[in-house]
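Here are the chains, one letter per residue:
There are 2 protein chains.
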Amino acid sequence: MAAPSSSSGSASGPRGAMERCLRERAPPLLTDLYQFTMAYAYWRAGRHREPAAFELFFRDNPFGGGFSLFAGLHDCQLFLRGFRFTDEDVDFLRTVLPPATEPAFFQFLRDLDCSGVTLRSVPEGTVVFARVPLMEVAGPLAVVQLLETSLLCLVNYASLVCSNAARFRLAAGPRRKLLEMGLRRAQGPDGGLTASRYSYIGGFDLTSNVQAGFLFGIPVAGTIAHSYVTSFTSLEEVWPQTLAAASGVPDPVDLISLTKGWLSRVCELLGAAPGKIREGELAAFLSFAIAYPQNFLPVIDSYSVGCSGLLNFCAVALALCELDYRPVGVRLDSGDLCSQSVDVRRVFRLCGERFSVPAFHSLLIVGSNNISEQSMAELSKKENEIDVVGVGTHLVTCTKQPSLGCVYKLVEVRGRPRMKISEDPEKSTVPGRKSVYRLEDAEGHPFLDLVCLEAESPPEAGVPLSCYPLGRDDSAAASSFTPARVTCLRQEAFSRGQITQPPCSAAETRAKVQISLQTLHPRHKRLQEPDAYTVALSEKLHKLVTEIRRGSADDSNFLLAN
Amino acid sequence: MAAPSSSSGSASGPRGAMERCLRERAPPLLTDLYQFTMAYAYWRAGRHREPAAFELFFRDNPFGGGFSLFAGLHDCQLFLRGFRFTDEDVDFLRTVLPPATEPAFFQFLRDLDCSGVTLRSVPEGTVVFARVPLMEVAGPLAVVQLLETSLLCLVNYASLVCSNAARFRLAAGPRRKLLEMGLRRAQGPDGGLTASRYSYIGGFDLTSNVQAGFLFGIPVAGTIAHSYVTSFTSLEEVWPQTLAAASGVPDPVDLISLTKGWLSRVCELLGAAPGKIREGELAAFLSFAIAYPQNFLPVIDSYSVGCSGLLNFCAVALALCELDYRPVGVRLDSGDLCSQSVDVRRVFRLCGERFSVPAFHSLLIVGSNNISEQSMAELSKKENEIDVVGVGTHLVTCTKQPSLGCVYKLVEVRGRPRMKISEDPEKSTVPGRKSVYRLEDAEGHPFLDLVCLEAESPPEAGVPLSCYPLGRDDSAAASSFTPARVTCLRQEAFSRGQITQPPCSAAETRAKVQISLQTLHPRHKRLQEPDAYTVALSEKLHKLVTEIRRGSADDSNFLLAN
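Residue numbers (our numbering), protein chains in the order written: chain H, 514 to 1075; chain S, 514 to 1075.
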């Protein structure tokens, strides 16, 4: 939607404002109370400084799909860097923690920061899979415990909406432009802002959200709503009524008369009845064209596309062309978008040919009408002439699955691996600090994510390795794979109080997403019933899991009472 | 969940922080770009100061229910009061609006505020129904147009999650305490904060979200997570190991020995095998009990409730009782909550009787495990002993319907009623500025919301009135009703740049919600297949609609081209 020009060329928005904004959005009190009661219990027991590591991951790929995108890292980095309690925060905590809490604990909180925390993470915008540990947060036990809820909150929705956007993009195909316009349906202002930012990163081209343009440099777009059209009733409301040609003759021309002339020619060409044309709609189009002659893209279904909106558009657009302006296109906001777009395109071609107006052959058709992933996929299969699709509710609320379900699990304390052993094997965790490698085949497609113990040497290209794929019925059976290429999936992202990676703009991360998605084999990208991607444990890690399970089943972890 | 004390008694949080926070959350740029292009077109045509009125409403009650709650008003009032563009905002707009935009328009924006805007609104926390205009926003055309997206964003999710919370409350019955704990699954930090605030207003009792306690005075609760339990492996990690009695003897007692003694008695009483008891879990419970002896409420299903968690809890709790402390209860976080809670209660009673410990007869059982409205309703039908239910994902993401779909429609410009006439009658709007009256029957139940023209005199108690119910097949047929009581549903909420109502605390609004819901007849409150509440147009308003439709169908609104 070319209408208003985008700011995509400029820097990626005022970072200062963005960072301030995050401190306001995610202060360290924005967490669950039990993080504080647990931190106190650790502190009281003198365990608060024990080195510990948590891992963040999700258990199922969202939307029944074969992959997810990882997002929210940069917000996590900013959160860690700014993590500090104010006097006001601590005073409030005094009122909600039990009276038995020792005063020295509040001084401990007052002095806390994340200088002892190290974050290793998958890069923002990477294709990821269920059960792969995406982030490892290591540091003093009480501190890394306190970070849980905030990190989950910052990653969960960002990754979910980014993945949702990527699926809309896959459903739409690469050609069509996608416009995010969900602000009014999001979970409040910040939900809307996060949705705009990560929809763009996931593959959308444009947003209607001006603040997202301001903060993140996302191209913004939009022209007029139905209320603008219905606010006009008569041509008398059009003022000024004249427009100077884009080039050449300096004298302004009476655009109303000029348009009326075109309107009768259009009606004649199309065999349309002039008596059904809405005067208010024509007045609205004229007013808008006079205000923005280079950006004329009205919504044409406020009354009737065929009987009024399309005729009015063609007349005004032809008048603009006569004055050497280039109209942009139309928006359809109801009904069967596909068939309407075909009719509209036919009329554009007819007018373009009959009146020899080349601009009519490149007019845009924008469609929006409660588009879901499914209706986007259906739209892609049907004949249609829609160039830009606007998506709101189903994108930002992720109707198909409104939460990702990331979890944050303890994997090590004081150098000892920790494991949650659940009767439900899906809910058990994998112990120990790890490295994660992505293995690619000879065609450059990733085919396996290997989770190893940190101390293990990395797998090598061309060398067969034996490992234990997760989530199979025969989880005790090893498989052998030979990678053509191996990459380390996680990098240090925060250490000693500092962000250890240069930040990426939204546009840069968006480009990374596209590259990451392109390398993924189509069988994992299918929106319906994709092939499962393999995530496996190294032999050593599998052995550790087995030992802990066995140990847990028969010895030291049990209390032989008395 | 009595554990940490609540701050409900204190003032309703630091309002200053809350208001600052809203300015950061909802700056005037947080809107759709087309609001600016339309504002420019109005300005260019000299129409920007024309008096106009928009209405905000939704078309269907959410969740397939018979009602909604209205929320978000106070945020809207703060938004209107703070609505002002900074130089930085305007500079950014220069880069995204088309180059043809006249410079004077940016000065116009720079000088804008809401001093000319009047908001009339249903009070926060009122039970409302589809198609009733909840807010009327009147003022200069360009200004009230610019407010659209932000007001929708502030009302939509707040009302949705508040209504969702009210439905969970109805499903749970009045006795059980409800704890909101959805922060990690919300649409980012602010989605989580809005969820906590409006879940409380809708009928929840507690939140896990500390920042929500800080800003809105909501009682916060929470104790420990599985990670705390699994971070312990042995009794050697318990430190300090002693605890002084709550009263009496000042010498600290070795809590480990004391608890071990109780553990063998509990095992004997229950015929349990001591060999299956987890030492790490016992260590975690002991550590927590020593830190917070008056707030002992651990999660008991990290390993096995029956073989370990419950036994460990009873032993520690009996030791605490011996030292004159009062243990609080247990949390169950997986499996069949109902049957487990019955078993747990049976054990509590047994211990209470056998060991003569009255505190065991009033222990709380907290349950949480992916609770939906449906599972809450099922839980209420089954035998169970759950005192407090924790709800996260399904509450905050409103899985059953993740957006409310409020719209903002133009109803008057320059004193002339405006109406959107759609081929889909559901999408047509009702023209003109209005008053809305709620009619009650002799039992005090509201039975009809009457939408009148502003100039009409209000209906009177005891006097029959004729009106046209909306949404019926025979929409042309008048019905007659005699109210026992009539109240005006909307009040002035913002005028001349000022909020015209004293703000209510979250607790006050929560109380209003309960009153508003109590007066509603049960047939409208049924969660499944409720009876539809009647919303009707007055005779005069119905006549206006008919005239505009007829006028629209045959005369002046059409352009007789040439």
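Warning: the hint list may mix true and false statements.
Identical copies carry no separate label here, and so any pair may be met within one copy or between two of them.
Stated by the list, open to error - Here are the simulated DSBU-like cross-link-like pairs (lysine-lysine), alpha carbons at most 35 Å apart as the crow flies:
#: 1; residue 1: Lys-933; residue 2: Lys-1053
#: 2; residue 1: Lys-913; residue 2: Lys-1056
#: 3; residue 1: Lys-913; residue 2: Lys-933
#: 4; residue 1: Lys-1038; residue 2: Lys-773
Please keep in mind that the hints were generated in silico from the structure rather than gathered at the bench.
Structure versus earlier hints, numbers of those that do not hold, lowest first: 2 and 4
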